[in-house]
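Q: Work the whole structure out from these sequences, hints included.
Residue numbers (UniProt numbering), protein chains in the order written: chain A, 1 to 143; chain B, 1 to 185.
Among the hints, a few may not be true.
[Stated by the list, open to error] Simulated pairs of lysine-lysine, DSS-like, Cα-Cα distance not exceeding 27 Å:
1. K46(B) with K149(B)
2. K135(A) with K6(B)
3. K84(B) with K173(B)
4. K14(A) with K76(B)
5. K110(A) with K22(A)
6. K149(B) with K84(B)
7. K84(B) with K110(A)
8. K76(B) with K170(B)
9. K149(B) with K110(A)
10. K173(B) with K14(A)
11. K66(B) with K135(A)
12. K66(B) with K22(A)
13. K76(B) with K22(A)
14. K170(B) with K14(A)
15. K46(B) with K6(B)
[Unchecked claim] Residues of chain B placed beyond 12 Å of chain A at every Cβ, according to the derived structure:
16. P3
17. L22
18. T24
19. L59
20. K84
21. L91
22. P115
The set of hints was computed from the structure by calculation and includes no laboratory data. All C-beta atoms in this analysis are idealised placements derived from N, C-alpha and C, irrespective of residue type, glycine included.
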Amino acid sequence: MALAAIYNLFIINKSGGLIYYKDYGSAGRMDTNDSLRLASLWHSMHAISQQLSPTPGCNGIDLLQAHNFDLHCFQSLTGTKFFVVCETGAPNMEMLLKVIYELYTDFVLKNPFYEMEMPIRCELFDHNLAQVIQKDRVALLGR
Amino acid sequence: MPPAPKSGDALFASVDRVNAELFTLTYGAIVRQLLTDLEEVEEVNKQLDQMGYNIGTRLVDEFLAKSNVSRCVDFKETADVIAKLGFKMFLGVTATVTNWDAEGTSCSLVLEDNPLVDFVELPDTCQGLQYCNLLSGVIRGALEMVSMKTEVTWVRDMLRGDDAYEMRVKLIKQVPEEYPYKDDD
Numbered sequence: 001m002a003l004a005a006i007y008n009l010f011i012i013n014k015s016g017g018l019i020y021y022k023d024y025g026s027a028g029r030m031d032t033n034d035s036l037r038l039a040s041l042w043h044s045m046h047a048i049s050q051q052l053s054p055t056p057g058c059n060g061i062d063l064l065q066a067h068n069f070d071l072h073c074f075q076s077l078t079g080t081k082f083f084v085v086c087e088t089g090a091p092n093m094e095m096l097l098k099v100i101y102e103l104y105t106d107f108v109l110k111n112p113f114y115e116m117e118m119p120i121r122c123e124l125f126d127h128n129l130a131q132v133i134q135k136d137r138v139a140l141l142g143r
Numbered sequence: 001m002p003p004a005p006k007s008g009d010a011l012f013a014s015v016d017r018v019n020a021e022l023f024t025l026t027y028g029a030i031v032r033q034l035l036t037d038l039e040e041v042e043e044v045n046k047q048l049d050q051m052g053y054n055i056g057t058r059l060v061d062e063f064l065a066k067s068n069v070s071r072c073v074d075f076k077e078t079a080d081v082i083a084k085l086g087f088k089m090f091l092g093v094t095a096t097v098t099n100w101d102a103e104g105t106s107c108s109l110v111l112e113d114n115p116l117v118d119f120v121e122l123p124d125t126c127q128g129l130q131y132c133n134l135l136s137g138v139i140r141g142a143l144e145m146v147s148m149k150t151e152v153t154w155v156r157d158m159l160r161g162d163d164a165y166e167m168r169v170k171l172i173k174q175v176p177e178e179y180p181y182k183d184d185d
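A: Dropping the structure here:
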């Protein structure tokens, strides 16, 4: 049940390259090239949204709503972007993104064999991410 | 609403810790091995700085993820956050920020207590060694990831007979985060 709420997860490095992509049951229409292209497009759109802001200090798009999905985006101060595509109105997505950021710092950045800015291939990260995504929403709420 | 920033003590309590002696002795073993491998003290200083830099570029994200601090308004706030939260989270001690210059671009971080140097006595042959050069590298690397180019140097070192550990942090320039939109940029 809980699994269905999230369609996919992207992580983009600060230059706009896709470094992690995970599908959780979207209609399965995206191959690697598609996901890479969408990620760099989102990177640019995010930058444009900052330019559109009438006041300074804008951090770009946090939430994009469509009639059949929501896209929640979180950008760390170091420029790495995390975003999930989920069901409309799925709760606690900001919290989820923050937890994913913590997992990234623990299991990706602390892995001495991970090269910065390169695609993430870390089993520990995959494993812990799966646990967080599957966890009941109530558990996330309690953090 | 983003969660409120954690205090230094709360932050320290929330991270895993290791035995202090294991940490101190491991660092000592690394410095010793570098001295054996590189032979020149100056080279060891450089290598420690580079190692610190590499650590800093990764560690800054963990700090940001776990401390909930938001963007600092100026370099003064940045220095305070490093001294009170950063040092506390990773080393269990806090530093004092002093000696600001008039422009607010360089300051000193003073450490009274430095867990890296327990048991250490510098021999005569290593007088030029900046034993804690890793720390200054960490700060330089971490700040570079949040768009601040800095220069970090040691000005006081208890291993050389001073009364405290003092690092001078100088902001060289703030790299703008904006993307180059114009073709002629």
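Q: With a cut-off of 27 Å on the C-alpha distance, tell me whether K76(B) and K22(A) pass.
A: 40 Å, violated
Q: Are the Cα atoms of K173(B) and K14(A) separated by 27 Å or less?
A: 19 Å, holds
Q: Does L91(B) sit more than 12 Å from chain A, CB to CB?
A: 17 Å, holds
Q: Take a quick look at P115(B) and tell me if its Cβ sits farther than 12 Å from every Cβ on chain A, holds or violated.
A: 20 Å, holds
Q: Are the Cα atoms of K149(B) and K84(B) separated by 27 Å or less?
A: Holds. K149(B) to K84(B) sits at ~21 Å (cutoff 27 Å).
Q: Please check whether the beta-carbon of L22(B) is more than 12 Å away from every beta-carbon in chain A.
A: Consistent with the label, L22(B) stays out of reach of chain A, its closest Cβ about 17 Å off (over 12 Å).
Q: Is the hinted pair K170(B) and K14(A) satisfied, with a Cα-Cα distance of at most 27 Å?
A: The given pair, whose Cα atoms are some 25 Å apart, holds under the 27 Å limit.
Q: Holds or violated: are the alpha carbons of K76(B) and K170(B) at most 27 Å from each other?
A: 11 Å, holds
Q: What's the verdict on K66(B) and K22(A), does the C-alpha distance respect the 27 Å limit or exceed it?
A: Distance ~24 Å between K66(B) and K22(A) Cα, so the pair holds.
Q: Take the C-alpha atoms of K84(B) and K110(A), compute the straight-line distance between them, and say whether it is at most 27 Å.
A: 23 Å, holds
Q: Given the hint that K110(A) pairs with K22(A), test it: the Cα-Cα distance must not exceed 27 Å.
A: Holds, because 21 Å separates the two Cα atoms, which is no more than 27 Å.
Q: Is the Cα-Cα distance between K149(B) and K110(A) 27 Å or less?
A: At roughly 23 Å apart (the allowed maximum being 27 Å), K110(A) and K149(B) satisfy the hint.
The structure fails to meet hints 13, 15, 16 and 19 from the earlier list, while all remaining hints are met.
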